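Undergrad: What follows is the residue order along each chain.
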Amino acid sequence: MGFGPFLLLALMESAVTAATLALTAVGLSLVFGVMRVVNVAHGEFFMLGAVAAWFITNFIGGPPWFAFLMALALAPLAVAAIAALADRLILKRLDYEPEATIVATIGLLYIFQQAALSFYGPQAMPVEPPFNFRIQLPWFGYSAYKLSVILLAALVLIGVWLFLTRSKAGLVMRATQVDRETAQAFGIDTDRVYAAVFALGAGLAAIAAVLIVPIAQAHYLMGHDPLLLAFITVIVGGLGSLRGTVIAAILIGLSDGLIAFFWSPTLAKILATLLVAMVLVFRPQGLFGARTT
Amino acid sequence: MKVWILHVAVLLALLVLLLVLPAYHATNLARIMVLAVFAIGYNLAFGYTGLLSLGHALFFAAGVYGAALPVTYLGFAQLPALIAGLVAGAVMAGLTGLLALRTAGVSFMIVTLMFAQAGYLSLLYFGEVTGGDEGLVLPGAAGLIPGLSADAARTTIAYGLFALALIASLLLVRGRFGRTMVAMRENEERSRMLGYNPFAVKLAALVLSGLFAGASGAAYALLFGYAGASFATIQYSILPMLWVLMGGAGTVLGPLIGTAAMFYLVDIAGSYTTATLLFVGVALVLLILFAPRGILGTIRERWLPWLP
Amino acid sequence: MTKHLIGHAPSRRSVLKGMGAGLVAASAFPGYTWAQSSAPIKLGFQLHRTGIGAAYGRWYERTAQAALKVLNDGGGINGRPVEIVFEDDATDPKRGAEVVEKLASQAGCDAIFGPLFSHVVIGSAPRAGELKIPYLVCSEGYHVASGMLNRWTLQPGITDVRAQVSSMAPWVMQNLGKKVTMVYPDYAFGYDHRDFFTEAVKAQGGEVIAQIAIPPTETSFTRYLPQIPAETEVLYHVMVGPAVLTFVKELGDFYGSGARPQIFGFIDSLEAVDTATPGLEFLEGTHFWEGHNRVKQADASEAETFYRAAVGVDDNGASVSDAKDVSTYAHMFSCWETLFIIKQGMEAAGYQGPADRQKFVEAIEAMTAFEAGNDHPQGAKMFNGKTHQVFGHQFISKVEGGKLIRVHQTAIEDGMYPDAVDYTTQSF
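Residue numbers (the numbering used here), protein chains in the order written: chain L, 323 to 615; chain A, 557 to 864; chain D, -17 to 410.
Simulated from the structure, these hints should not be mistaken for laboratory data.
On a predicted model such as this, the values are computed, not experimentally measured, just so you know.
The C-beta atom is built at its ideal place from N, Cα and C for all residues, glycine as well.
Any given hint could be a false lead.
[Unchecked claim] Facing chain D, from chain L, some residues (calculated, C-beta under 10 Å):
1) Gln445
2) Ser586
3) Pro587
Go ahead and model the full structure; you've got the sequences and the hints to work with.
TA: Printed below as a string of structure tokens:
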């Protein structure tokens, strides 16, 4: 295969990675930005979304597209509800103290993993894609569903952006992010805002997972890599900048995909990791973050 | 004076425990003491200086391989290998610090995480030498100290290392440098105006922290006879943080308590239930709800304000 | 708190109690041999209950439980009942060594068996050697026969990777093609495949034209597929971990119904995965190595039928109670067979208690062959006491109608290679 087709394939793959990464990372960015909470359990919300999608599609049955749409609607809601509950029961009582919340979310991580292991099982199981259409290009074939993931993720991201910039609830969230005390002084119930933000962040991770699960199966340990990548993306993009998060997701998706063309894959991973780390070393506030300490 | 009596008493109690406990728990205690050295090192950076690192697996693994590679390929005896591992941990921390300390807060956390991830992948990439994920088998503790059985030698070295680390950390945090570290944690700007160079102080703290981590990694590999890339995974960055937070960040004995608590949490969970992760997870959540500053941190806050 | 916890001996553990389990544990009265004659023999099982190996662990536990029941129903070992203590190692080498310690020192087990993942075995074996407790692994890694481990570590239940891949190569060369591209994980497990298969292919006059190593953190594989040279005749794939199904599906998307090379895979790529999963249709007509045929074959032996029913596996290789719960059939027989080898070894050694552990290891080292039968449902095997490694038949299956149908069975000798170590010359 020539350079051109290879590049095309790498680009398409990177775009899929970037799309789901952007969703997961925007969720984390909201939580991180508004609540200042390092949510170690964010990857587990991703995992729970995928597992929930498996249960929902199996329970509902019917044509794959219908079952999948139901999963896309219900799984994120279920995960968001769990997150809101966790916020009320645990994080709020810790007063969002950064160090205590790290331990608490590590605890949640274990609890969610065990729940998935006990009720779902240790094996990886797939969800049937809503449609099984393969695009045959002259050089290789490609799953049409994967391309639709890019589109769907973009739509969700636009929705989130509209919600945050145009709706009152979004405005309240952003106000709380900028200054919690002032927001309280203006009569904003910040407890509710925090619960909503935590739920929204978890729900976005779950949406990403539902989109990816027809490609990558649900597995009880699948939350690990999305968590690390999402953290990296949020910080590189610049804390508090959703635009930065999305751009960082695209850059990280691309660097991962393209460097692999020139070096052996594991070496490429090492180089890509160091490259992204260097971005932060020389621009600690991230690509689009305001310089603060 | 109270402080010294307490710490000497703890060391004596450990010695007694090592002698009277059944074999299984005595070996566990040896493991806990070695790993607590790692936690003490993490505590110096995080608990006292305020450097939240997610990259300490890199320094621990530097210690593991800094000791394992010379033993395997250069025919090092084990005690020189221990020194080599300790130095490797400090050097790795120094190199990381030179770059990563340009950042602070969450950026520092992520940069150290990524360096550690690159380190882990490098261990796999150079698998021909490092044994990669499978790892290397080392000679073990037998013959470490002439005339002592493997178990006795292991316990002696683990205890000696821990006692040294504990006393060193106590001297350190009660000394001038310790106060400088805390000042850095509390208010970097102010300590800068007082004439300290924050970068130099933080770098020194990180190097010390890496030295402890390296010593712990080297001792673990040498005493238990195995080095592998799994010691460089993110898990080994999160664990010391968890141990320190459980025991109490910024307390001298907290790392030991946290390490022991976590070890026995997992061990006991395995005996009582097949849902081990649930058991551990619930215990962590409850612990932090009722002791948000960790075990010793909460005790200090409520009852014993003089605890170091 | 620490002290309190240390004093806290577990009272309710996941022990399978055999007959007479209420009797005093043997090790409590080392001087009185009469007290041991009817006390249960205690075996430790190092189980991947959590962590990356959990899908295997679940079936390893079920298989060991089933074998234990058969063993005890048949009178146990030397007339003594047997119990197994299962302990989770989280598929982690550090915890693995601690579990060996716990099973040996605290639970007082006579021997330990059961781990699969290589890094756990390599991380735990040194401690088993120090504790001088027999450690019988079910891991198919080449680390036992390579001489890396010690006298107390044996692998009598499953053929190692080196023998597996070498014995496959002739058939692959003669029936599928001579120009091979290999896709494997970029770490030690993958390197065993790379090195030994490449060597075996050369010996057969074939050629490995490309080696594609996939980094361990990868969850998507499509971008590696263009590196497969167009002139490839056989694509050899082996992947492990939760992402394996993705790999196989993406391979399907990539080639579609168009021209493609012959595909030969290790079933590891699909252990615990249903071959009839939507999206895997393209596997039709491809070949797999199997250590034990997942789908019940037309010529299945009585022992095979007996084993399958005892473990609770249906004719398709899934759990009889849940068709979605697919077994790790190609590997898990090793737990069953290892338990019966422990029985044979202990009876040959006249095993009474931990003082006879050395005699037990020597008794196993003296074994040379195992006959097919209920104790060895996977088939006959030859054991090399010097390298502590067993050699058995391997199977090549073809996917026909979504099911794996055996098309070739290797001879045991096909996989043998020169000894790299003689453990019997090492001290205990």
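Undergrad: Give a verdict on every hint.
TA: Hint check:
| no. | hint | verdict |
| --- | --- | --- |
| 1 | Gln445 | 4 Å, holds |
| 2 | Ser586 | 7 Å, holds |
| 3 | Pro587 | 5 Å, holds |
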